[in-house]
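The listed protein sequences correspond, in order, to chains A and B.
The first sequence begins at 30 in our numbering and counts up by one.
The second sequence begins at 30 in our numbering and counts up by one.
Just so you know, these hints were derived from the structure itself, not from any lab.
Fair warning: there could be bad hints in the mix.
In silico lysine-lysine, DSS-like type, Cα no more than 25 Å apart, as pairs [as the list claims (entries may be wrong)]: (1) K255(B) / K262(A); (2) K240(A) / K199(A); (3) K240(B) / K255(A); (4) K262(A) / K199(B); (5) K240(A) / K44(A); (6) K262(B) / K199(B); (7) K262(B) / K37(A).
Just so you have them, the derived chain B footprint on chain A, three or more residues with Cβ under 8 Å [stated by the list, open to error]: (8) 90 to 101; (9) 193 to 201; (10) 230 to 244.
Cβ coordinates follow ideal geometry from the N, Cα and C atoms, glycine included.
Number of protein chains: 2
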Amino acid sequence: MDAISLLKSHRSIRKFTDEPVADEMVEDIMSSAFCAATSSNLQGATVIRVRHLETRAAIAEVAGGQTYVETAGAFFVWCADLHRSSVACEIDGGEFHEGVTEHFVIATVDCAIAAQNAVVAAESLGLGICYIGGIRNDPARITELLELPDQVFPLFGMCFGWPDQDPPVKPRLPLSVTLKEERYDESADREGIAAYDETMRQYYLDRTGGKLDRAWSADMAALLGKESRPHMKAYLEGQGFNRR
Amino acid sequence: MDAISLLKSHRSIRKFTDEPVADEMVEDIMSSAFCAATSSNLQGATVIRVRHLETRAAIAEVAGGQTYVETAGAFFVWCADLHRSSVACEIDGGEFHEGVTEHFVIATVDCAIAAQNAVVAAESLGLGICYIGGIRNDPARITELLELPDQVFPLFGMCFGWPDQDPPVKPRLPLSVTLKEERYDESADREGIAAYDETMRQYYLDRTGGKLDRAWSADMAALLGKESRPHMKAYLEGQGFNRR
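Isolated chain A (complex conformation) (with noise of 0.2 Å):
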């Protein structure tokens, strides 16, 4: 399958066969994930593979009760890094600038570009992947279980495993409103996020034999209508990010 065939073939997979995926497999995928670009060259990003079922267990926990992050044939949790790029500043003699956000920035977006060049290689070769955004739901909790030092923290989980489901395409907003010319000019919005309501409320449908009659507006007034995870802004300045 051509790349584009590919990206654009994307599902989240959350239903795993037994089969285990393999130390030299995850090796190629992993090495291929750190050759995405990287911010000044900093390479913030760490990934954490948990093998041990009473951690995957917390971790699910934590994840509220998602049991696919016990069955996946491996497990994940993506890490924005600076602990390791101030061992680097220590050993040139250097003083490093803690708690600057723009560093947070760099760090999180080198770990998630990262990531999703993992997702890319672990798809081309047959795996399904589950991005885990819940670990977020305690990241005091992963960082305790992981052991992460200061200037680490977990960005989310990542599932990989061989499909036990095959589960259609969600459709996306069209392009006539992710994609824009010269400037964020937003007169074509609420006809394009109208279109999309109506799509999404045909994919639920479809996919609850006619229980769920939701559009994607109701589904954003849902996450966005609360403070999620309040804890957060706390806890990445107590772990040393996001303070200046």
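Given the coordinates of chain A, work out where chain B should sit on it, guided by the hints.
Showing chain B alone in chain A's frame:
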């Protein structure tokens, strides 16, 4: 080329031929970009194609004189976007909670992984790319140039074009440092960093005909020994992010 070989062959391209990038190709690339995973289906990314040469020149200046922002076949600004979903809240009659740090993380990650999909798609077609983090030198100016509303911020730029150079792949930190097992065990990190310092020293010497003799640790000390882009915290808060 298979996907893993494609990912492993990535290097930034900063010199492009005059050949334009067709609109149809951009649409195909961006369609596959937005097929990337998105937290809670937020789709918190918007990409703005900038064609006007005046605007591109102004952005190149913000980025510290990166002239390829002007000369690349196509240039884009990737934005983390909560504005569109706030409109969706309003459509649904819901309230939008502004300034939530977790929402900032979601939108930033959504934007970064969609952008990385665009990179993979573009490179699979033979295009070269370069991320332009330098737009964060003056995000307020970019905000003004692109008329970004509140709840939208410019995460990075991206050049696409037909390569007119063939630089080598830049070496990365060894997996012994970046891929960990079970917990953040850093007992092998200093050894791995020392090996990488030598690798990078040789890389720089080779690329500059012996003129640049510098280790990775020195790069990190230069980068993190100062408060990079000290305006970022105030800018993000002013734009409606990260207030609580």
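Report task. Report the numbers of all earlier hints that the structure fails to satisfy, in ascending order. Result -> Failing hints, ascending: 3, 4, 6, 7, 8, 10.
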